[in-house]
Amino acid sequence: MNTCCKPSTPKPTARHRKGLVWLLAAVTLLLFLLNLAAGASDVSLTDVMRFLSGQPVPDTVRTVLLHIRLPRALSCVLCGGALAVSGLLLQAALGNSLASPSTIGVNAGAGFFALLAAALFPYNEPARAAGLLLGALLVAGAMYLVAKKASATRLTIVLAGVAVSSLFSAGMDAIVTIRPETLLDKAAFSIGGFSSVSLSRLPPALLYMLPGFLGAALLAPRLNILLLGDETAASLGLDVRRCRVLSLCCAAFLAAGAVSVCGLLGFVGLIVPHMLRAAEKDVPGLVPLCGLGGAALVSLCDLIARTAFAPFELPVGILLSFLGAPFFLYLILHKKRGRLS
Amino acid sequence: MIELDHVSAGYDGTDIVRDVSLALPKGELTALIGPNGSGKSTLLKAMAGLLPASGGILYDGVPLCSLKREERAKLVSFLPQQRDVPDIRARTLVEHGRYPHLGFSKKLGEKDRVLVDRAVALTHTEGLMEHPMAALSGGERQRVYLAMLLAQDCGYLLLDEPLTYLDIGAQLETLSLIRELRALGKTVVMAIHDLPQAFSFADSVCLLQRGEAVCFGPPDDPAWPERAGAVFGVRIAASGGDGLFSYTLAGIRGAGMDGKESHNG
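From first to last, the protein sequence lines are chains R and F.
Mapping of the first sequence onto our numbering: position 80 corresponds to residue 80, and the numbering continues sequentially without gaps.
With the second sequence counted from 1, adding 1000 to any position gets you our numbering.
Any given hint could turn out to be false.
Listed below are several chain R residues computed to face chain F (Cβ distance under 8 Å; list not exhaustive) [as the list claims (entries may be wrong)]:
(1) N224
(2) L228
(3) G229
(4) E231
(5) S235
(6) G237
Restraint ranges, calculated between C-beta atoms of paired labels, are given here [said to hold, decoys possible]:
(7) R/N124 to F/Y1011: 45 to 53 Å
(8) R/A26 to F/R1083: 34 to 42 Å
(9) F/T1164 to R/R242: 29 to 37 Å
(10) F/G1013 to R/T153: 23 to 31 Å
(11) F/P1219 to R/K148: 37 to 45 Å
(12) F/P1219 to R/R241: 35 to 43 Å
(13) R/R242 to F/V1085: 22 to 30 Å
(14) R/F327 to F/T1164: 31 to 39 Å
(15) R/D173 to F/D1015: 46 to 54 Å
(16) F/G1055 to R/N124: 52 to 60 Å
(17) F/F1104 to R/P126: 26 to 34 Å
(18) F/T1014 to R/A25: 48 to 56 Å
(19) F/P1063 to R/K148: 22 to 30 Å
Derived from the structure by calculation, the hints contain no laboratory data.
Even glycine gets a Cβ: it sits at the ideal position worked out from N, Cα and C.
Start from the sequences and build out the full structure, keeping to the hints where you can.
Shown next, in the form of C-alpha cells:
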C-alpha cells in the first residue's frame, strides 16, 4: 500500500485505515450474529454462539439456524461485499463516480440472461449460471465501449445504463409473461432480497465471487495508477486497456454472483464506495473496506427489513432503494465533475 | 542520445507529425517550439511511446518499439500537458513514480522509499508531501509531478508544456528545477511556448512547423530570430545579450502560416 512515510514519522493514515478495517469487521460480525438471532421464532444469542461453535442446541433451533437464518445471513455478507467491490471496480475503471452494477445496467443484464437461459433450458442450473455471467459481461463490455467514445460524459454512461436496464427489464417481463414458470416470484427478483435464499445457492455464487474478489485485490494497485489519467498511467508502463477490461470483467463476475443469490439488489455498489472514499483514497485500501462496508450495509438493511414491520417482511431491495435513490440524485446534482473524488 | 528517423505520427490515421528526423544529444535540454498545432505534443507522445508512430525512434540505439511497457517506463518518463488533479496526497503521487520498478504485488520496498525521498529532496517538496494535490498551487503541483518523474528514475524526461498555466514566478522556479534535472545528467526534451525562455534556458532548440522539424540548433545561432519569426508570423528583435527578445506582429498571419490544423500544441 502506498501511504508509507519515513520510518521515523508517524503514519496517521495507515493506523487510521487499519482501525477502520477492524471497526467495519466488528460491525459486520455483530450484524451477522444479530441476523442469526433475530426473527419470527425465538433464538437467543447464546443459542447462536453454541450453534456456531458446534455445541448441541435444541433441534428446532438448529433447523431454523441451519436452513433459514444462516444461509440468509451469509448471503447478506457475501452479496453486500460483492456488490460494493463491484461498484468500486466499475467506478475506478470507468473513472465515473456514478457507475455501479445497478446504475449502469450490469445487474439487469445478468438477470435478463439468467431468465432467458431458464426459459430456454428449464431446470438447468449451469445454463442459468452461464446466462448470469454472460449478461453481466455483455453489459460491462458495452459500457466500456460507450465510455471509450471521446464525447461520452459520466452522465452519458448513466443514461446508457438506464436505457440498457429498461431494455432488459422489458425483456424479463416478456419472458415471465410468456413462460411464467421460469420465475416464481418476479417481484422479489427484480426488487432484490433474501427471502428465498437457500444454502445450495451459495457455492455456485462463490464460484463467481471468489475470482472477482481475488482479481479486485490484484488490480487495485493498478487502478491507483489509472486514476492519474490515461496518459500518465501509460507513461508509467501500465497497460491501460488491459487494466480497464480486466477490472470490468471482475466487476461482472462479482455482480453475477450477487444477482444469482439476491436478484437485482440496487445501490449497494454506488453508496458504499462513495462513503468509504471519504476516509480512504487508495484503491488497495478500499477493496477490503468496501467488501466489509457492503456486507455491513446489506446485513443491517436486511435486519431492519425483517424486524421493523414483523410479522411482515419488507424486501431489502426496497429499503436500499429508499436509501440509494436520493443518494444517487445527490451525486448527480452536487458532484458536477463526476470524477472520482 | 535520442534518434528520430523519419518519424510520422498522429491520431486516427491522420499524421500530425510528418517525417521528422532529429538527433538529440544525451544530457542536454532541448526546447521544442512551434505555433499551436505544429505537432509538439504529438511528437513528444510518439517519443514517449504513447502514440503509434512510423519511422524509427531510438534511445541510445535501442528502438523504442522493441521495449516492453515497463522497460520503456524505466527509460523514458513523460509529463503530459493537461492533467486532471488526482485526489491523492502529494507523497502518494511521487510514490506512483516507482510503479514500473515494482514487482507483481506493486508494494514499495526499502530502495523505492529511498529513491522517493531523494526525489522529494531534489525538488524541494518535503513540506508538501502530506497535502492533497488539490490543495497545492500550480507551481507546487508541477514540482511534485517532477518529483514523481525523478522517482521514476529515467534517463530521459519528456515534458509537454510544463509551464502552461503557471504564473511567471512559478514558471521560472519550474525552469530552474528543470535545469537542475539536466545538471543531474538527465536528457530533457520540453515543449515550450515562451520563446525568450526557450532560447535562454535550452541547450538546443527545435522549431516545428505544421508537423515538420524545420530548424534545429543551438539557441545562440544568429539566424534564429528571422527563422522563428517567419514561422510564428512575428518580427523578433534580439535586444542584446542573454536571450532578451522583443516581438512585433508582422502583419496578419496568412492562412498558410497559421495552418488549418486545430490540434492543440
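Verification of the hints:
Hint status for R/N224: holds, given a least beta-carbon distance of 7 Å to chain F, under 8 Å. With its C-beta approaching chain F no nearer than about 5 Å, R/L228 sits inside the 8 Å limit, and its interface hint holds. Evaluation of the R/G229 hint against chain F yields a held restraint, the C-beta minimum of about 5 Å falling below 8 Å. At a threshold of 8 Å, the smallest CB-CB gap from R/E231 to chain F is about 4 Å, leaving the interface hint in force.
The closest approach between the C-beta of R/S235 and any C-beta of chain F is roughly 4 Å, which is under the 8 Å cut-off, so the hint is satisfied. Taking 8 Å as the C-beta cut-off, the interface hint given for R/G237 holds, the closest approach to chain F being about 3 Å. Distance hint for R/N124 and F/Y1011: a CB-CB separation of about 48 Å, consistent with the stated range 45 to 53 Å. Between R/A26 and F/R1083 the beta carbons are some 40 Å apart, a value that agrees with the proposed interval 34 to 42 Å.
Taken as a hint, the range 29 to 37 Å holds for the pair F/T1164 and R/R242, whose Cβ atoms sit roughly 31 Å apart. In this structure the supplied range 23 to 31 Å holds for F/G1013 paired with R/T153, their Cβ-Cβ distance being about 26 Å. Against the hinted window of 37 to 45 Å, the Cβ-Cβ separation of F/P1219 and R/K148 comes to about 42 Å, which satisfies the hint. With their beta carbons about 40 Å apart, F/P1219 and R/R241 fall inside the hinted range of 35 to 43 Å.
The given range of 22 to 30 Å is respected by R/R242 and F/V1085, whose C-beta atoms sit roughly 26 Å from each other. The given range of 31 to 39 Å is respected by R/F327 and F/T1164, whose C-beta atoms sit roughly 38 Å from each other. Checking the proposed 46 to 54 Å range against R/D173 and F/D1015 shows it holds: the Cβ atoms sit about 52 Å from each other. Range check, F/G1055 to R/N124: about 57 Å between beta-carbon atoms, so the 52 to 60 Å window is met.
Between F/F1104 and R/P126 the C-beta distance comes to about 33 Å, which sits within the given range of 26 to 34 Å. Roughly 55 Å separates the CB atoms of F/T1014 and R/A25, a value that falls within the hinted 48 to 56 Å. Between F/P1063 and R/K148, the C-beta spacing of about 29 Å keeps the proposed range 22 to 30 Å intact.
Violated hints for the displayed structure: none, as all numbered hints are satisfied.
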